[in-house]
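Protein chains: 2
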Amino acid sequence: MLSKRYADMLSEKDIIFEIAGMAKRRAREIGEEHVYNFSLGNPSVPAPEAVNQTIHTILNDTPTLQIHSYGPSAGLPQVREQLARSLNRRFGMDYQPEHLFMASGAAGALGHALRAVTEPGDEIIVFAPYFPEYRPYTQGAGLRLSVVPADVDSFQINFRALEERLNPAVTALLINSPNNPSGIVLSSATLTQLAALLEEKQRQFGHPIYLISDEPYRELLFTGTEETYPARFYHNTITCYSFSKSLSLPGERIGYLAVNPKAEQAMTIAEVCPQISRTIGCNGTSTLMQLTVGRCADLTSQLEIYERNKDRLFSALTEYGFSCVEPGGSFYMFPRSLEPDDVAFCKKATELDLFLVPGTAFGCPGHFRLAYCVPEERVVAALPRFKQLAERYQRQKD
Amino acid sequence: MLSKRYADMLSEKDIIFEIAGMAKRRAREIGEEHVYNFSLGNPSVPAPEAVNQTIHTILNDTPTLQIHSYGPSAGLPQVREQLARSLNRRFGMDYQPEHLFMASGAAGALGHALRAVTEPGDEIIVFAPYFPEYRPYTQGAGLRLSVVPADVDSFQINFRALEERLNPAVTALLINSPNNPSGIVLSSATLTQLAALLEEKQRQFGHPIYLISDEPYRELLFTGTEETYPARFYHNTITCYSFSKSLSLPGERIGYLAVNPKAEQAMTIAEVCPQISRTIGCNGTSTLMQLTVGRCADLTSQLEIYERNKDRLFSALTEYGFSCVEPGGSFYMFPRSLEPDDVAFCKKATELDLFLVPGTAFGCPGHFRLAYCVPEERVVAALPRFKQLAERYQRQKD
Numbered sequence: 001m002l003s004k005r006y007a008d009m010l011s012e013k014d015i016i017f018e019i020a021g022m023a024k025r026r027a028r029e030i031g032e033e034h035v036y037n038f039s040l041g042n043p044s045v046p047a048p049e050a051v052n053q054t055i056h057t058i059l060n061d062t063p064t065l066q067i068h069s070y071g072p073s074a075g076l077p078q079v080r081e082q083l084a085r086s087l088n089r090r091f092g093m094d095y096q097p098e099h100l101f102m103a104s105g106a107a108g109a110l111g112h113a114l115r116a117v118t119e120p121g122d123e124i125i126v127f128a129p130y131f132p133e134y135r136p137y138t139q140g141a142g143l144r145l146s147v148v149p150a151d152v153d154s155f156q157i158n159f160r161a162l163e164e165r166l167n168p169a170v171t172a173l174l175i176n177s178p179n180n181p182s183g184i185v186l187s188s189a190t191l192t193q194l195a196a197l198l199e200e201k202q203r204q205f206g207h208p209i210y211l212i213s214d215e216p217y218r219e220l221l222f223t224g225t226e227e228t229y230p231a232r233f234y235h236n237t238i239t240c241y242s243f244s245k246s247l248s249l250p251g252e253r254i255g256y257l258a259v260n261p262k263a264e265q266a267m268t269i270a271e272v273c274p275q276i277s278r279t280i281g282c283n284g285t286s287t288l289m290q291l292t293v294g295r296c297a298d299l300t301s302q303l304e305i306y307e308r309n310k311d312r313l314f315s316a317l318t319e320y321g322f323s324c325v326e327p328g329g330s331f332y333m334f335p336r337s338l339e340p341d342d343v344a345f346c347k348k349a350t351e352l353d354l355f356l357v358p359g360t361a362f363g364c365p366g367h368f369r370l371a372y373c374v375p376e377e378r379v380v381a382a383l384p385r386f387k388q389l390a391e392r393y394q395r396q397k398d
Numbered sequence: 001m002l003s004k005r006y007a008d009m010l011s012e013k014d015i016i017f018e019i020a021g022m023a024k025r026r027a028r029e030i031g032e033e034h035v036y037n038f039s040l041g042n043p044s045v046p047a048p049e050a051v052n053q054t055i056h057t058i059l060n061d062t063p064t065l066q067i068h069s070y071g072p073s074a075g076l077p078q079v080r081e082q083l084a085r086s087l088n089r090r091f092g093m094d095y096q097p098e099h100l101f102m103a104s105g106a107a108g109a110l111g112h113a114l115r116a117v118t119e120p121g122d123e124i125i126v127f128a129p130y131f132p133e134y135r136p137y138t139q140g141a142g143l144r145l146s147v148v149p150a151d152v153d154s155f156q157i158n159f160r161a162l163e164e165r166l167n168p169a170v171t172a173l174l175i176n177s178p179n180n181p182s183g184i185v186l187s188s189a190t191l192t193q194l195a196a197l198l199e200e201k202q203r204q205f206g207h208p209i210y211l212i213s214d215e216p217y218r219e220l221l222f223t224g225t226e227e228t229y230p231a232r233f234y235h236n237t238i239t240c241y242s243f244s245k246s247l248s249l250p251g252e253r254i255g256y257l258a259v260n261p262k263a264e265q266a267m268t269i270a271e272v273c274p275q276i277s278r279t280i281g282c283n284g285t286s287t288l289m290q291l292t293v294g295r296c297a298d299l300t301s302q303l304e305i306y307e308r309n310k311d312r313l314f315s316a317l318t319e320y321g322f323s324c325v326e327p328g329g330s331f332y333m334f335p336r337s338l339e340p341d342d343v344a345f346c347k348k349a350t351e352l353d354l355f356l357v358p359g360t361a362f363g364c365p366g367h368f369r370l371a372y373c374v375p376e377e378r379v380v381a382a383l384p385r386f387k388q389l390a391e392r393y394q395r396q397k398d
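Respectively, the protein sequence lines represent chains A and B.
For the first sequence, the UniProt record's numbering gives the first residue as 1, with consecutive numbering after it.
For the second sequence, the UniProt record's numbering gives the first residue as 1, with consecutive numbering after it.
Isolated chain A (complex conformation):
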């Protein structure tokens, strides 16, 4: 019989998707060029030329049977070695290929990490504002989601609220830096404090607490932002990565999970991942794409455009009277809405054909997400609309 659980999900509204749909319909009405769509986190720059070139090369220089044949469920050993080497060099880690598990994007990596270090019924802590898909991801693993409210002045961690929520039922925390939707990068001060707190709570509770670090925006780091690698701060860290953003390959569903070699039972955590795959039916990821990202591990798309878009938007919006914590990376920013009701605010924005996502979707009302993974000229064209929007609110106040 049709599953009630999944059928019920059909009626849950996905706000982001709805707004993107509205923008699309509006574009059909008045033309693409008159619509300012900042609703979706879809990379706007193509994969670097080298990616397609690498695919051509692999097809030409490797026996066909070898390219497309079954690989180990954990991923091709040579690819895991290439990626481990890159991480070790960049972040001073000590990964062996066996600590890595190739996954179907960050979603796949998270799906495995969540199941590997928790039992159904455990609590998992996430920090507002958070990516809305964390809800189905964690519910799918049978976990109870405990949300730490945002520190809206910095979007670093609200430690007082976190401490209140830490209890023996918590076996994992999920962080996301650079953050979707705020673009904030957790500072080394924050990560140091977080590590100290978790070490203390582990001792107190008598069991490990794993930090699951969702890092698809890791390479989208802006000038002057400190590069912080959470696993460097806390042993029990599982890093989840995707090449969706860094190489603009979101459709290829390719990423990995890396267990910190210093984590408790590190090797066993990596080893259970293929077992998890067997139970969810997600056995491995395209061998051709594995071979490709292995060879392109140290490349990125032309990510500079995201920083230019951020600079332009941040200075303009601030000038127009918006209040916003400046992003350190990603292609998002998360200003305060100009009225407390962020849903009403985003609705009002659509009157100017500006499509934004209310903070409520990310568990953080009173804000809105602006996804600036769009061509630069769209940002330039949109600025007068943001100005008009601010003026409308100003007039109301006056």
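Since the hints were made in silico from the structure, they are not lab data.
Errors might be hidden in some of the hints.
Stated by the list, open to error - With a straight-line cut-off of 30 Å between C-alpha atoms, the simulated DSS-like cross-links for lysine-lysine are:
#: 1; chain 1: B; residue 1: K347; chain 2: B; residue 2: K24
#: 2; chain 1: B; residue 1: K24; chain 2: B; residue 2: K13
#: 3; chain 1: A; residue 1: K262; chain 2: B; residue 2: K4
#: 4; chain 1: A; residue 1: K262; chain 2: A; residue 2: K24
#: 5; chain 1: A; residue 1: K4; chain 2: B; residue 2: K13
#: 6; chain 1: B; residue 1: K13; chain 2: B; residue 2: K348
#: 7; chain 1: B; residue 1: K387; chain 2: A; residue 2: K4
#: 8; chain 1: B; residue 1: K387; chain 2: B; residue 2: K348
#: 9; chain 1: A; residue 1: K201; chain 2: B; residue 2: K262
#: 10; chain 1: B; residue 1: K387; chain 2: B; residue 2: K24
#: 11; chain 1: B; residue 1: K397; chain 2: B; residue 2: K387
#: 12; chain 1: B; residue 1: K13; chain 2: B; residue 2: K347
#: 13; chain 1: A; residue 1: K347; chain 2: A; residue 2: K397
#: 14; chain 1: A; residue 1: K13; chain 2: B; residue 2: K262
#: 15; chain 1: A; residue 1: K262; chain 2: A; residue 2: K13
#: 16; chain 1: B; residue 1: K13; chain 2: A; residue 2: K262
#: 17; chain 1: A; residue 1: K4; chain 2: B; residue 2: K4
#: 18; chain 1: A; residue 1: K13; chain 2: A; residue 2: K348
#: 19; chain 1: A; residue 1: K24; chain 2: A; residue 2: K387
#: 20; chain 1: B; residue 1: K24; chain 2: B; residue 2: K348
#: 21; chain 1: B; residue 1: K347; chain 2: B; residue 2: K262
Unchecked claim - Partial chain B-side listing against chain A, Cβ under 10 Å, derived:
#: 22; residue: A47
#: 23; residue: P48
#: 24; residue: S86
#: 25; residue: N88
#: 26; residue: F91
#: 27; residue: T268
#: 28; residue: N283
#: 29; residue: T300
Said to hold, decoys possible - Some but not every residue of chain B turned toward chain A, in silico, with C-beta under 8 Å:
#: 30; residue: P46
#: 31; residue: H112
#: 32; residue: V117
#: 33; residue: G140
#: 34; residue: A161
#: 35; residue: Q202
#: 36; residue: R203
#: 37; residue: H207
#: 38; residue: P208
#: 39; residue: S248
#: 40; residue: L249
Ideal Cβ positions, reconstructed from N, Cα and C, are used throughout, including at glycine.
Based on these hints, arrange chain B on the given structure of chain A.
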């Protein structure tokens, strides 16, 4: 904390994998050419030239951003249309693109199908001999596995045993034709009888019973075998397919699920699949591979070698005194072991460097699986060993 459930799976022995490992170690000792490894179902013929050519073409003729960007979770519409059209033409079906869901191989398709039409705690019926991974697949969906013993004289369905097992808790059946490990294709007589029985039981129980048809070997059909498409016989059928075998792309993890348009709530079943993806972290499959199989939907690898291997092995083994139901497709056969204890038999075979998998692994003792997806010359070279093995048993009897 490390998940007990998945950690426990690490200690379960995977017999097929163990035997394949033994064969590999033995090959290192005495050389590949002296080892007769029939343990693994890994295609031995490469993907057709056209597959790699198609990938080159897609990379050259499609904007990069378009190839690799996010697609709908259900899969790219044009690809689902290409596949639906191919199925409609070949099997007289009436699929719309919306009835198809692109999945990470047959495992991914099954993972979604199982969850879409059952509730945790339901019973699912499988038929011995069955692919051992059905156990983790069904357990992962929270289902209780009910195994119908084999009709070892035909490997069609043992209907008496099936009827005994049908009860209101059964919401789905899982069939696999051509079958792994027997190579048997369910006849139209069998499927007609199965459909009639399920129609009757649906009425009696007052709820739908879905037939999940696992068909990765569909295109590996031997001369003279009737091509039967289960969805043609029974409305409530969900077809799960993979290009692993037909196009020799097992590493690319690409397949689909197709809901019979005549199934109860057909469209909703297809619609819940992307919801299921959200909870298991398996969101979609490589867009480049989707585009590729869409364009190559009607091609296959050079599958004739499997039939030649079957012919050669079947006639030789029968001559040596083995008893075997002749396969109608796939690249497997499932003869009776020459002693009742199939594990002891397969152990004895290893003394002759013949690596076979005991039927016990497939829920059907007293048999062994022979995977003949190997180069023809390996089959020719192995025949004297099978003869020697038979003679050893003959001498014991004399």
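Evaluation of the provided hints:
Proposed proximity of K347(B) and K24(B) is supported: the alpha carbons are some 15 Å apart, at most 30 Å. Note on K24(B) and K13(B): the hinted pairing holds, with a Cα-Cα distance of about 17 Å set against a maximum of 30 Å. With a C-alpha separation of about 20 Å, the suggested pair K262(A) and K4(B) falls inside the 30 Å cut-off, and the hint holds. The hinted pair formed by K262(A) and K24(A) fails the criterion: a straight-line CA distance of about 47 Å is larger than 30 Å.
Distance check on the hinted pair: K4(A) and K13(B) sit about 35 Å apart at the alpha-carbon level, beyond 30 Å; violated. For a cut-off of 30 Å, the pair hint linking K13(B) to K348(B) stands: about 20 Å separates their Cα positions. For the given pair, K387(B) sits about 56 Å from K4(A) by alpha-carbon distance, which is inconsistent with the 30 Å threshold. With a C-alpha separation of about 13 Å, the suggested pairing of K387(B) with K348(B) holds against the 30 Å cut-off.
Distance restraint check for K201(A) and K262(B): the Cα-Cα separation of roughly 56 Å exceeds the 30 Å cut-off, and the hinted pair is therefore not satisfied. For the hint linking K387(B) to K24(B), the alpha-carbon distance of about 23 Å falls within 30 Å, and the restraint holds. Between K397(B) and K387(B) the alpha-carbon distance is near 15 Å, which keeps this suggested pair within the 30 Å criterion. The straight-line distance between the Cα atoms of K13(B) and K347(B) is roughly 16 Å, inside the 30 Å bound, and the hint therefore holds.
As the CA atoms of K347(A) and K397(A) are separated by approximately 18 Å, the hinted pair is consistent with the 30 Å bound. Under the criterion of a C-alpha separation no larger than 30 Å, the hint pairing K13(A) with K262(B) is consistent with the structure, at around 28 Å. The suggested pairing of K262(A) with K13(A) is violated, with an alpha-carbon distance near 41 Å, which exceeds 30 Å. Distance restraint check for K13(B) and K262(A): the Cα-Cα separation of roughly 28 Å lies within the 30 Å cut-off, and the hinted pair is therefore satisfied.
At roughly 28 Å between alpha-carbon atoms, K4(A) and K4(B) fall within 30 Å of each other, so this suggested pair holds. The suggested pairing of K13(A) with K348(A) holds, with an alpha-carbon distance near 20 Å, which does not exceed 30 Å. As the CA atoms of K24(A) and K387(A) are separated by approximately 23 Å, the hinted pair is consistent with the 30 Å bound. With a CA separation close to 17 Å, the supplied pair K24(B) and K348(B) stays within the 30 Å bound.
A C-alpha spacing of about 48 Å is found between K347(B) and K262(B), which places the hinted pair above 30 Å, so the restraint is violated. Hint on A47(B) holds. Least Cβ distance to chain A is approximately 5 Å, under the 10 Å limit. For P48(B), the interface hint holds, the least distance from its beta-carbon to any beta-carbon of chain A being 9 Å, beneath 10 Å. Interface restraint check: S86(B) against chain A, minimum CB-CB distance 20 Å, threshold 10 Å, status violated.
At about 24 Å, the closest approach between the beta carbon of N88(B) and any beta carbon in chain A exceeds 10 Å, and the interface hint on this residue is violated. At about 24 Å, the closest approach between the beta carbon of F91(B) and any beta carbon in chain A exceeds 10 Å, and the interface hint on this residue is violated. Interface hint at T268(B): satisfied, since its Cβ lies 6 Å from the closest Cβ of chain A, which is below the 10 Å cut-off. At a threshold of 10 Å, the smallest CB-CB gap from N283(B) to chain A is about 5 Å, leaving the interface hint in force.
With a cut of 10 Å, the hint placing T300(B) at the interface with chain A is violated, because the nearest CB-to-CB distance is about 14 Å. Of the supplied interface hints, the one on P46(B) holds, with its beta-carbon coming within about 4 Å of a beta-carbon of chain A, less than 8 Å. Checking H112(B) against chain A: minimum C-beta separation of about 7 Å stays under 8 Å; hint holds. Given hint, V117(B) at the interface with chain A, holds; its Cβ is 6 Å from that chain's nearest Cβ, closer than 8 Å.
Interface restraint check for G140(B): the shortest CB-CB distance to chain A comes to about 3 Å, inside 8 Å, so the restraint holds. The beta carbon of A161(B) comes no nearer than 24 Å to any beta carbon in chain A, farther than 8 Å, and the hint placing it at the interface is violated. The criterion of a C-beta within 8 Å of any C-beta in chain A is not met by Q202(B), whose closest approach is roughly 11 Å, and the hint is violated. The closest approach between the C-beta of R203(B) and any C-beta of chain A is roughly 15 Å, which is over the 8 Å cut-off, so the hint fails.
For H207(B), the suggested interface contact is upheld, since its CB lies about 5 Å from the closest CB of chain A, less than 8 Å. Checking P208(B) against chain A by beta carbon gives a least distance of about 6 Å; that is within 8 Å, so the hint holds. Look at S248(B): its Cβ gets to within about 6 Å of chain A, closer than 8 Å, so that hint holds up. At its closest, the beta carbon of L249(B) sits 5 Å from a beta carbon of chain A; the interface hint therefore holds under the 8 Å criterion.
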